[in-house]
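A.B. asks: Chains as they are written, first to last, in the numbering used here: chain R, 17 to 201; chain H, 385 to 918.
Since the hints were derived computationally from the structure, they do not count as laboratory data.
Glycine residues also receive a C-beta, built at the ideal position from the N, C-alpha and C atoms.
Just so you know, not all the hints are guaranteed correct.
In silico lysine-lysine, DSS-like type, Cα no more than 30 Å apart, as pairs [to be verified]: (1) K874(H) with K113(R); (2) K881(H) with K134(R); (3) K128(R) with K846(H); (4) K134(R) with K779(H); (5) K114(R) with K745(H); (6) K881(H) with K113(R); (7) K128(R) with K779(H); (8) K134(R) with K846(H); (9) K874(H) with K128(R); (10) K881(H) with K195(R); (11) K712(H) with K745(H); (12) K628(H) with K585(H).
Sample of chain H residues with no beta-carbon within 10 Å of chain R, all distances over it, derived [claimed, not checked]: (13) T488; (14) Y651; (15) T664; (16) L693; (17) T783; (18) I805; (19) I826.
Chain R stretches covered by chain H per the calculated footprint, using a threshold of three residues with CB under 8 Å from any CB of chain H [unchecked claim]: (20) 56 to 63; (21) 125 to 139.
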Amino acid sequence: MTSHSADPDTKFSNLHVDINAVSTSPLNATPVAEHYPITELCVGVVFLLLVVLIGIVAIYQPIWSVPETGRYWIVRILTVVSFIWIVISIYGYYAAKKVGFCVREQDITLFKGLIFRKQITQPICRIQHIEVQRGPLDRKVGLANLHVFSAGDITQTFVIPGLVNDDAVAMRANILAHKELQHHG
Amino acid sequence: MGENASNTSQITRLENVSDELNIAHSDTGVWHRVSAIAILYFIERLIIGVVNNVFYMIPMFIALWDEIKANPWIAIGIFAVILGLVTFFSIWSFWVFRYRLSATTVEVKSGIFKKKHVDLPFNRIQNIKIEQPFYYRLFGFATMAFDSGGSLAQEARLIGLPLSFAKSLQLQINDVKAQIDAGIVAVTDCQNSNATQEHSKETVVNQRSLSDLVFHGITSNRIFILLAGLAPFVDNIIGFIGDKLASWGIDIGHTIESESFIILAIYAISLFLVCVGLITVLSILGAIIMFYGYTLSKTTEKFIRRSGLITKHEISVTFSRIQVAIMKQDWLDIVFGRFNLKMEQLNGQIANANPGAANNKLMVPSVFAYECRDILEHVFPQHGLHEIEFLHISKRFITRHLIILAIPMSILTGILMWSQIQGPSVNWFYPILFVSIWSALIVLRWWRWGFAVNGTYVYIRKGLFGTDRYCIPIDKVQRITFSQSVFMEKAQLASLKIQLASGSYSIPLINAVLARNIQTYILYNVESKAQSWM
Numbered sequence: 017m018t019s020h021s022a023d024p025d026t027k028f029s030n031l032h033v034d035i036n037a038v039s040t041s042p043l044n045a046t047p048v049a050e051h052y053p054i055t056e057l058c059v060g061v062v063f064l065l066l067v068v069l070i071g072i073v074a075i076y077q078p079i080w081s082v083p084e085t086g087r088y089w090i091v092r093i094l095t096v097v098s099f100i101w102i103v104i105s106i107y108g109y110y111a112a113k114k115v116g117f118c119v120r121e122q123d124i125t126l127f128k129g130l131i132f133r134k135q136i137t138q139p140i141c142r143i144q145h146i147e148v149q150r151g152p153l154d155r156k157v158g159l160a161n162l163h164v165f166s167a168g169d170i171t172q173t174f175v176i177p178g179l180v181n182d183d184a185v186a187m188r189a190n191i192l193a194h195k196e197l198q199h200h201g
Numbered sequence: 385m386g387e388n389a390s391n392t393s394q395i396t397r398l399e400n401v402s403d404e405l406n407i408a409h410s411d412t413g414v415w416h417r418v419s420a421i422a423i424l425y426f427i428e429r430l431i432i433g434v435v436n437n438v439f440y441m442i443p444m445f446i447a448l449w450d451e452i453k454a455n456p457w458i459a460i461g462i463f464a465v466i467l468g469l470v471t472f473f474s475i476w477s478f479w480v481f482r483y484r485l486s487a488t489t490v491e492v493k494s495g496i497f498k499k500k501h502v503d504l505p506f507n508r509i510q511n512i513k514i515e516q517p518f519y520y521r522l523f524g525f526a527t528m529a530f531d532s533g534g535s536l537a538q539e540a541r542l543i544g545l546p547l548s549f550a551k552s553l554q555l556q557i558n559d560v561k562a563q564i565d566a567g568i569v570a571v572t573d574c575q576n577s578n579a580t581q582e583h584s585k586e587t588v589v590n591q592r593s594l595s596d597l598v599f600h601g602i603t604s605n606r607i608f609i610l611l612a613g614l615a616p617f618v619d620n621i622i623g624f625i626g627d628k629l630a631s632w633g634i635d636i637g638h639t640i641e642s643e644s645f646i647i648l649a650i651y652a653i654s655l656f657l658v659c660v661g662l663i664t665v666l667s668i669l670g671a672i673i674m675f676y677g678y679t680l681s682k683t684t685e686k687f688i689r690r691s692g693l694i695t696k697h698e699i700s701v702t703f704s705r706i707q708v709a710i711m712k713q714d715w716l717d718i719v720f721g722r723f724n725l726k727m728e729q730l731n732g733q734i735a736n737a738n739p740g741a742a743n744n745k746l747m748v749p750s751v752f753a754y755e756c757r758d759i760l761e762h763v764f765p766q767h768g769l770h771e772i773e774f775l776h777i778s779k780r781f782i783t784r785h786l787i788i789l790a791i792p793m794s795i796l797t798g799i800l801m802w803s804q805i806q807g808p809s810v811n812w813f814y815p816i817l818f819v820s821i822w823s824a825l826i827v828l829r830w831w832r833w834g835f836a837v838n839g840t841y842v843y844i845r846k847g848l849f850g851t852d853r854y855c856i857p858i859d860k861v862q863r864i865t866f867s868q869s870v871f872m873e874k875a876q877l878a879s880l881k882i883q884l885a886s887g888s889y890s891i892p893l894i895n896a897v898l899a900r901n902i903q904t905y906i907l908y909n910v911e912s913k914a915q916s917w918m
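Extracted from the complex, chain R is given alone in its bound form:
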């Protein structure tokens, strides 16, 4: 471990890190699986179609007649909800395209967000455990989510979505192996 000098003044005057002794690569985002955004979009659209279908069936089914005001309001609410949902889904599609990650020797970074962009960096030495999570749909399309846990995780989570399953499993193994090395090396 190289030593560094940090200015002990209480006023922030500089952050002196001995650049010559430290080599860091910049944070470059590696995108997640290519079919992740379209999968997310499809899920959203299918769900919306289901809701609309239920609404239409509810109005026009012959078993129990819906009063006129009921139809009026259901149609209008469904229209507004559909409109908002479609806008959100399209935004979500482009945001999902922006999801990326970057694994370096000492940390793992998640990139997310379209307009409000975030880079969340997790030092590997602080990882408590890692899970590969797959929903039923993820299994069908060969995707997985990598969920990284550290302390104090109640409100903030670190999940890399939309990874190809083999990649996710390999990343998890690599990170765990690296943690072992750190502890014993």
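Position chain H against the provided structure of chain R, taking the given hints into account.
C.D. replies: What follows is chain H alone, placed relative to chain R:
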């Protein structure tokens, strides 16, 4: 020979201890019941359980309300049944509660339906708390809580022990722990062991007098939570007060119409002052009950806080577990020049899973800045929290929040203008006043928000009327988030959010290069040292 002597002396002391309880037995492997006074503890616990669950019974009461009004015996019957059940189960719980001491372990068996057997070796005990609820204090009994410090805290509790026995047992366990830790076996007389002194040595760091607690009560306003709970009943309360006043011959409606504005203003102000006075008195009482006799002591590795008027509480916090220190100052605290010093461990929601152990936070109420400096020095050396100079965040904060304000305000303005065209004229004074006040608050919040970084700590200051100053040790950082929206990128700004085990702390809208440097520096520190955060 040394080991035999040490073991013999341990067994001898345990026998002496059992003599104090007037229990005659030949070996230490016998299960003992505690004193019958433990029943009171179980009763208290069950009552708290019932009260906590009473919210679920409220719908039932509402449904049965009419029947209860017609036949009040039902309510009394229900109450008597609850009381009977509580007593029955408390006595049963006491009957099945047993403990056993050996030379190196304490075992506790408890539980009626869900039997629990806790086997705790002394050297796994991180901390021993002796607590005295008020119903034990009167009779000289106490509760001992053993904390094993594991994440599924295998906590053992001994209830209803005589206070002297509890204290001597505490000393003995510390002795044995010290010996086991130090591997000392060749000691003939355990009482002279130096290791004992190290473990049980406590020095008092800070004490709060009654006047300090009064200040804390004045400034802490916990009572507003109570008022918030009364909010649904406001109509009833107002109606009740109105009727009362009418019966005294005062007619509010008539008074408001007939009296001049100044007299009404005087009435209103004096009423307000009376209310504030009442709230303050209640708050002071609350502070005294909770913090009476506040003593903060330290050993080599932890703080121990003892306080309480009716029930004596003890909380101990290991230095290395403290994640962040906060000097909090409400606007009233500023008037008196005081701070409340809070030291936080794990995130509150995790720690709350452990009932009865409010160990995630340690608070020192109503202290001066120099006292904060001294107390914190034990935990965070050379912290400088009391005197550090903060840098401002970008003024973009103001613009951003004004834009956020502008959206609903423009909708409101549109509605008002439309109604102005339609019919009655709108008094534009109030919307303008609202916007001005809100904008002033935004500016004030921006002014308060500051940050600073030195070699070991990140400092954040935030607040509105009061200020909170955070001291965050870089070594304890878990994760860091660098946020930059498209708009912020154009303005070369970025926000940082630093996550610790105790929660997240953010620095919004600072220079992007600076933010990147801070992020790099924190990552470098955390990753190169890989120091334990607890």
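A.B. asks: Mind verifying the non-interface call on T783(H)? Its CB should be farther than 10 Å from each CB in chain R.
C.D. replies: It holds; T783(H) is separated from chain R by about 16 Å at its closest Cβ, greater than 10 Å.
A.B. asks: So is L693(H) really clear of chain R, every C-beta pair being over 10 Å apart?
C.D. replies: Correct as stated: the minimum Cβ-Cβ distance to chain R is 33 Å, above 10 Å.
A.B. asks: What's the verdict on K128(R) and K846(H), does the C-alpha distance respect the 30 Å limit or exceed it?
C.D. replies: With a Cα-Cα distance of about 27 Å, the restraint between K128(R) and K846(H) holds, given a limit of 30 Å.
A.B. asks: Three residues minimum, CB to CB under 8 Å: does the region 56 to 63 of chain R make the cut for coverage by chain H? Let me know.
C.D. replies: violated (count 0)
A.B. asks: Verify this label for me: T664(H) is non-interface relative to chain R, using a Cβ-Cβ cutoff of 10 Å.
C.D. replies: 34 Å, holds
A.B. asks: Decide if the proposed pair is consistent with the structure: K874(H) and K128(R), CA atoms, cutoff 30 Å inclusive.
C.D. replies: This hinted pair holds, its Cα atoms lying about 18 Å apart.
A.B. asks: Going straight from one Cα to the other, do K134(R) and K779(H) come out at no more than 30 Å?
C.D. replies: With Cα atoms ~21 Å apart, K134(R) and K779(H) stay inside 30 Å; holds.
A.B. asks: Just to be careful, I want the Cα atoms of K628(H) and K585(H) compared with a cutoff of 30 Å; is the pair within it?
C.D. replies: 60 Å, violated
A.B. asks: What's the verdict on K881(H) and K113(R), does the C-alpha distance respect the 30 Å limit or exceed it?
C.D. replies: 24 Å, holds
A.B. asks: Quick check: do three or more residues in the region 125 to 139 of chain R have a beta carbon closer than 8 Å to a beta carbon of chain H?
C.D. replies: holds (count 10)
A.B. asks: Sort out whether K134(R) lies within 30 Å of K881(H), counting only the CA atoms.
C.D. replies: Satisfied, since the Cα-Cα distance of roughly 10 Å is no more than 30 Å.
A.B. asks: Just double-check T488(H) for me: nearest Cβ-Cβ distance to chain R has to come out over 10 Å.
C.D. replies: The claim stands: T488(H) keeps its Cβ more than 10 Å from every Cβ of chain R (closest is about 30 Å).
The structure fails hints 5, 12 and 20 (numbered hints given earlier, in ascending order).
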